[in-house]
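Please build the complex by placing chain B on the supplied structure of chain A, with the hints as guidance.
If you read the protein sequences in the order shown, they are chains A and B. The working numbering numbers the first residue of the first sequence as 12 and each following residue consecutively. The working numbering numbers the first residue of the second sequence as 24 and each following residue consecutively.
Any given hint might turn out to be false.
As the list claims (entries may be wrong) - Cβ pair distances, simulated, as ranges:
{"id": "1", "chain 1": "B", "residue 1": "S188", "chain 2": "A", "residue 2": "K244", "range": "23 to 33 angstroms"}
{"id": "2", "chain 1": "A", "residue 1": "D225", "chain 2": "B", "residue 2": "M109", "range": "27 to 37 angstroms"}
{"id": "3", "chain 1": "A", "residue 1": "G270", "chain 2": "B", "residue 2": "V174", "range": "23 to 33 angstroms"}
{"id": "4", "chain 1": "A", "residue 1": "W280", "chain 2": "B", "residue 2": "V178", "range": "17 to 27 angstroms"}
{"id": "5", "chain 1": "A", "residue 1": "G249", "chain 2": "B", "residue 2": "Q113", "range": "40 to 50 angstroms"}
If you are wondering where the hints come from, they were derived from the structure by calculation, not from laboratory data. Keep in mind the model is a prediction, meaning the values are calculated, not measured. Even glycine gets a Cβ: it sits at the ideal position worked out from N, Cα and C.
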Amino acid sequence: MRIGTAVKAIVGIVASGAMVFSMSACGNSASASGGKVTLSYFAWDNEQTSKPYVEEFEKENPNIHIDFGSSTTYVQTLQTRLVGNQAPDVFIITSENKEDLISNNYVKDLTDESFMKNISDANKEFVSKDGKAYGMSTSSWASGIVYNKALLKKVGVSEVPSTWEGFIKLCKKLKAAGITPYLEANADSTRRIQDAFYGGLLAKKGTDVTKLADSKVQTPGADSKEAYSEWMKIYDEGVVSRDTVGMSGDDLKTQFTSGQVAMITTGAWDFSTFQDSDVDWGFAQMPAMKTGMEQYAQGSPSPALAIYSKLTGDKLKAAEKFLTFMQSKWALKKATDDGNAVTVKGYNSDVIDQYKDVYEKNVKTGKYFLLTNFYSKPSVLDTTTQSEIQQLVQGSISLDQFVQNVDKKMASAQ
Amino acid sequence: MEQSAEIKMVARTKRESPSDINRFEEKRFKHRKRLRGLHEDLTSFWFLLPILAIFVVLFAVPLVQTLMFSFTDFNGYSMNMHSVGMANYQQVFSDPSILQGLLFTVIYAVLQTIFVTIIAIPLAVTLNKKFFGRNFARSMFFFFSVPSLAVLGMVWKYIFSPLKSGVVNSVLSVFGIGPLPWLSNSRLAQFCVIFIAVWAQIGWHATLYLAFLQSIPSDLYEQATVDGASSKQQFVHITLPQLVPGIVTSTFLLMSGGLKVYDLPYTLTKGGPGYSTYTVTQSIIQQGIGQSQYGVGSALAVLFTIATAIVVFAQMGVANTISRRFQ
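In isolation and in its complexed conformation, chain A is listed as follows:
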């Protein structure tokens, strides 16, 4: 039964008012830009990051004007604009909104577009449904283990072990030497190791990850139980303090740069902080869950560019030109300079020495996994796992209760 006529009327009136206002604004901008095609672009990144791309594109395409916008509350703002018939022409599709954007037909199918030819399979899969790609993502990120070379040297170790068993042994060695071996930010950046383990586990089983979200009953808790069981050994064996539930990513950075911890989990976004510090550091792949399994990382393709599905005529052509430009050599070099690990086929990002190993073995090969990318209701899953992981680490719930709580929450959100 359909209801909400009154609500529709109210939203309609507000949206109509907004449309009239925006149309008058469009009229002004059209005359100001002398008959140019105006393309609205609602970006994930802020103006400082996005503006150079917009300016270069406008320079190369003098007949197209980009009406740029961004927001710190990107997902909610885009949602409001879409439901109020104020959709931008080009916008960002990412794990938090891809399911809703695709199922409500807001994004154009880009599968057969020429600019998608060089996009890596992992990046395509990220924003695909039923074999159709709805976004263009040109880079990816992968987290790893940042380690203090001097502290590891104190226990006669020069690199991070490649298995979890070896990693725990190293932690015990460091602890015995009076060094805090490892910390993770369970207050705000949970699941780094668990996602890596689960990714490796799925790869070993040969699971098609793009099908995980199709299952009517979503059970990410039960599916990843083995990965969590292995990860919890680090707490159950008393190697790492359970106080990590109150530690944030910033706390970890401070501890690492002041030489108070040997290893932490993070990614390329923190490299500049480590480079500015006095610590001699390295960045290693995350250990494999078990011997014989692949070393996966927690990681994901970066948010992708999408075209509004109702776009036609000159605006559609302009939008396609913009996406073509965003994977041009100039744009990819600029993205690399901005610290992004570009994954477009035939292009090599010139990353810093510490990142090379993870870039070659995880980022470029697509051996990374992010739980929220492949299950439906990612926002529910993200916040639920964070709270439940904190309780698991505290010891206030068991692993079975963790699994039950996560899956129960997912079932109620379907």
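What follows is chain B alone, placed relative to chain A:
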């Protein structure tokens, strides 16, 4: 005079008694009074119209919309919504995270109201006395309440960090204590949130009490001193009863503010560890907007509005009863 003569004449014509005439005059007087009242009401209405319009647009309309959304599966992306009956309300009552949020919100609101009141009144009495640097002390206490609770939450996150390098843990280590898991332990995290809220608000509420204290006539104290009343007796029998209107205002603000708290727990702990410092408002924002479950978020908002209204009206009722006793 002329009018009165006319009335009498009419009365004579109709052969009415003098008591009838009086009743007639009384009626006319009442009618005129009613007209004057109506005119005054109309003037007040024009003054109230702007705020009434704001109330309707920003409060009444969203409230009605929220009520309607609470019976639907609206996801924020499509206006093609469907009725789900009471399903969203059932989910509210069966979700353990929401129930935990409700429990902490009530604990937070009650404890901060009690502690701020208990500390702010003696502080106001002290700040009302004459001593060197009084104005500086008053400004200092008031200053705590100037920054927003969100900013304070971010600052106190470093002070209460569970790491050895956290400010409080560094101080404790001098005495050979700790480090204590301030924000890692559920009970300690709850204590931290309530402690900061009390610390941040006592200054503002002490200033409020100070204003009420300054309106107490000094001759009451002079008379009590002459009668031999001790300082304690003066506080209990003069200061406290005279402060009742202030206590009513202060506790009302604390309780209503406490029930809708969001910024401090969110910036300090993000509602964690687990759901130990999770609040109802965070749940409404997270489930409704963050997770695109507008139906569930709306149902929770409707229930919470009703519950808050009941608590606040009950509090006003109790406060009015106490006020009347001391009048």
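Hints, verified against the model:
no.: 1; hint: B/S188 - A/K244: 23 to 33 angstroms; result: holds (27 angstroms)
no.: 2; hint: A/D225 - B/M109: 27 to 37 angstroms; result: holds (30 angstroms)
no.: 3; hint: A/G270 - B/V174: 23 to 33 angstroms; result: holds (30 angstroms)
no.: 4; hint: A/W280 - B/V178: 17 to 27 angstroms; result: holds (24 angstroms)
no.: 5; hint: A/G249 - B/Q113: 40 to 50 angstroms; result: holds (42 angstroms)
This entry satisfies every hint, going by the numbered hints stated previously.
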